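Participant: Each chain, letter by letter, is given below.
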Amino acid sequence: MKNLPLLFLGIFFCLAFSWTGLILSSEIQYGGLKPIALEEGETPQPQAIVGEAQQGRLIYIDQGCLYCHSQQVRRKGYGADWERGWGDRQTVPRDYILQPRVLLGTSRTGPDLMTIGQRQPSTEWHYLHLYNPDITSKGSIMPPFRYLFETREIGDAPSPDALIFPDDYAYERPPAGYEIVPTERARQLVAYLLSLKVDYELPESRFAE
Amino acid sequence: MFEWNAYLIIIAAVAGLFFATAVAALVWAVKNGQFSNLEQGARSIFDAEEPEGIQQDFFPGEADEQRAKLEKERRPS
Amino acid sequence: MSPLLSFFSSIDPKARPGIPVKVQLSEIDESMRTPSILFLSAAVCWLVIGSFFALVASIKLHSPDFLANVEWLTFGRARSAHLNAMAFGWANNAIFAVSLWIMARLCKTAVRHGGLLIIAGIFWNIGVTIGVIGILTGGLTSVEWLEMPPQVAPILAFSYILIGVWGVIAFRFRQLGHVYVSQWYILAALFWFPWLYIIAQTMIFIEPARGTVQAITNWWFAHNVLGLWFTPVGLGAIYYFLPKVLGRPIYSYYLSVLGFWSLALFYNWAGVHHLIGGPIPVWLISAGIVASVMMVIPVIVTAINHHFTAVGNARATWASPTLRFIVFGAMSYTLASLFGSGMALRDVNVVTHFTQFTVGHAHHGVYAFFTMVMYGSIYFMMPRMLNREWPSAALIKTHFWCCAIGIGIMLVGLHVGGWIQGMMMNELTPDGNPKYTFLEVVHALVPWLFSRSVSGVLLTIGHIAFFVHFFWMLAGPKISRYREGPTLLLDSIRGEGKAG
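Chains as they are written, first to last, in the working numbering: chain A, 4 to 212; chain B, 4 to 80; chain C, 27 to 526.
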């Protein structure tokens with residue numbers, strides 16, 4: 004091969020072929036998916052998340068949660084996703100169509116979060132877990148996100164969101180007269196985590212037995 | 004939207020077309036002499052400044068010693 | 027003639043037929059000196075910066091309280107800063123220096139308008155700096171391999187095009203005659219990277235594709251950065267330096283042609299194997315698996331070729347700093363690629379997917395293969411461009427051993443640890459429940475993560491040795507003791523006359 008245009012053509016062809024085959028064809032095949040109702044009259048699924056949770060997704064993104072937590076459930080029988088209770092059914096392309104940035108993830112240094120809103124519906128649990136993961140998950144290697152909380156003087160009445168530490172973690176307690184409360188970012192992040200649910204069925208993916 | 008099978012057919016057709024083009028390009032290239040004289044091509048990296056048959060790189064300060072050892076090793080064969 | 031017109035005619039080989047007469051290698055080296063040194067200096071600095079972030083991230087993973095309250099160094103950001111500093115800072119700068127230098131030498135043409143290259147290089151590094159700071163301060167995108175805030179993409183794309191085009195210009199100015207296999211690899215890589223980058227930026231950030239098409243684009247890009255950018259440049263460098271240093275031509279030129287086209291054809295389909303089991307159509311995954319397995323062809327072909335070129339030259343290889351690194355890299359390429367093909371099989375992937383095994387595999391390719399080859403190339407280039415010897419054999423050996431042992435420990439640690447992690451994650455009791463809780467799996471993984479930090483310390487020592495040595499060499503000729511020229515062959519010819 005001594006000919007530049009020819010070499011160039013070959014080089015171009017190889018990349019264009021894979022782009023057409025992988026990306027363009029999947030865009031054509033399912034780029035136009037829409038929410039769908041299982042039966043007439045029901046709400047079409049999936050639904051977009053709104054409000055605080057939407058803001059929380061941005062926190063999830065800029066903190067890099069994705070590098071340890073995936074958001075995908077594989078079919079029953081392939082891996083132990085189903086057995087671990089990470090989801091009642093396999094997730095399919097339609098589950099993701101309303102997410103502006105898809106956060107599938109490729110690492111499970113921490114557990115999958117596709118259905119964390121169903122598995123851990125308690126706000127208090129999430130606040131404690133974010134503040135010091137060891138409190139709720141003994142031996143966890145998740146980084147603590149204390150900087151998403153603030154220590155402040157107790158006002159007229161204690162905040163309902165103030166963290167309550169168990170006795171084993173008394174050292175985390177603030178000085179008397181102070182309380183540790185989630186900042187707006189922590190509230191948004193937790194709202195996002197609680198919004199992560201797969202509690203609906205789709206025609207192409209029903210709950211596994 | 005297309006049916007599932009239609010996709011397979013389209014993909015198979017594209018893949019077949021691609022394969023045919025590749026084969027055609029290969030045949031053309033061989034006929035055109037693009038692959039001729041390959042062994043000479045392998046030697047095109049050598050020149051008078053960095054000729055074939057001479058090791059080009061040693062640890063600093065060890066060149067003479069290593070070169071002598073290499074010479075000795077190669078001589079019997 | 028207007029300045030613009032004369033500029034264009036100066037980069038058009040047809041404008042002055044017959045002018046590019048035979049250029050001496052030493053003249054080419056001379057012409058590449060300033061741009062190459064700039065790229066390499068930046069590369070070496072990024073290498074040390076990247077090592078710092080790597081260590082922080084690695085330590086955090088087994089001791090989460092380490093620097094826990096510094097938001098900009100939280101794990102997700104530190105590891106992304108590490109990846110981007112290494113991939114876009116170290117690796118890309120090294121590629122620019124090495125690939126343009128090899129290209130100029132093989133085309134036997136001196137570089138024209140090196141000044142533009144320097145300006146583009148400065149902008150590239152400004153772009154990467156802004157990007158890494160952006161990651162640390164909240165601009166992290168959480169799109170793997172594209173973590174830098176999308177705002178820096180135009181700077182990077184623009185300066186890349188200014189840099190990459192010099193490779194193409196050099197190719198157009200080549201002396202008639204044969205095109206060597208390294209030129210194919212490098213030329214192809216120079217074309218592939220901007221396409222990949224621009225398409226990925228467009229389809230993920232500018233006009234995001236819907237749903238998981240984004241994920242497919244993401245992995246098409248991320249895997250191809252390795253396969254169509256790092257790998258071809260690494261292989262191009264091996265194909266150049268291995269025969270060059272040994273002074274014997276490559277074993278089979280025919281095999282190298284076959285290896286190139288099979289790599290070009292199969293590698294860019296393989297990226298989907300990062301989504302096996304995921305929410306994308308099954309036929310795409312199957313295509314990715316097939317392509318991954320087909321990669322065995324170029325890998326074996328290349329391995330045979332390298333092996334038979336080097337075989338019987340153990341002493342010669344060991345005596346050359348360049349070849350120590352390059353042969354280490356070439357062997358790692360074979361091993362890493364075969365592992366990669368194996369990991370794409372569904373039965374293996376169900377264990378290794380989502381585990382540290384994948385992380386280990388990434389370092390196998392990018393570090394043990396690509397980075398080691400770049401080290402070797404730099405050890406060859408620097409004395410020839412500066413007409414000056416490396417100051418210290420001991421520092422080269424320190425660099426080599428720290429990196430070789432360091433990456434060895436990391437690979438064993440992450441592969442074994444990752445495998446254990448995957449097996450424990452999937453194992454069920456007879457009545458169909460997970461045998462280990464998630465925290466038990468984490469607990470079993472921690473010692474292996476610790477071994478990675480140990481390897482990180484070793485690698486960092488190696489990188490600092492390299493950093494010191496590199497700038498020591500740049501600092502001045504008076505320090506270098508081996509003026510008589512061990513690695514500088516035929517010093518008498520290259521000689522005193524030009525050195526001034």
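Keep in mind that the hints are not guaranteed to be accurate.
[As the list claims (entries may be wrong)] If you want the ones that stay clear, here's a sample from chain B, every Cβ over 10 Å from chain A, calculated: (1) Ile-14; (2) Lys-34; (3) Glu-74; (4) Lys-75.
[What the hints assert, rightly or not] Among the chain A residues that face chain C by a calculated CB cut under 7 Å, a handful are: (5) Leu-25; (6) Ile-26; (7) Leu-27.
None of these hints come from the bench; they were simulated from the model. Bear in mind the structure is a predicted one, so any value in this text is a computation, not a measurement. Idealized CB from N, CA, C, for every residue including glycine.
Participant: Would you check whether the claim that Lys-75 of chain B is not at the interface survives, using Cβ distances to chain A and the 10 Å cut-off?
Facilitator: holds (42 Å)
Participant: Is the interface hint satisfied for Ile-26 of chain A? The criterion is a beta-carbon contact with chain C at less than 7 Å.
Facilitator: Holds. Min distance 5 Å.
Participant: Please settle this one: Ile-14 of chain B was flagged as non-interface, so is its CB more than 10 Å from every CB on chain A?
Facilitator: violated (7 Å)
Participant: Taking the least C-beta to C-beta distance, is Leu-27 of chain A closer than 7 Å to chain C?
Facilitator: Nearest chain C Cβ about 9 Å off; hint violated.
Participant: Would the non-interface assignment of Glu-74 of chain B survive a Cβ cutoff of 10 Å against chain A?
Facilitator: holds (38 Å)
Participant: Let me know if the C-beta of Leu-25 of chain A comes in closer than 7 Å to any C-beta of chain C, holds or violated.
Facilitator: holds (5 Å)
Participant: Find the nearest Cβ of chain A to the Cβ of Lys-34 of chain B and say whether that gap is larger than 10 Å.
Facilitator: Lys-34 of chain B clear of chain A: closest Cβ-Cβ about 13 Å, beyond 10 Å.
Of the numbered hints listed earlier, those contradicted by the structure are 1, 7.
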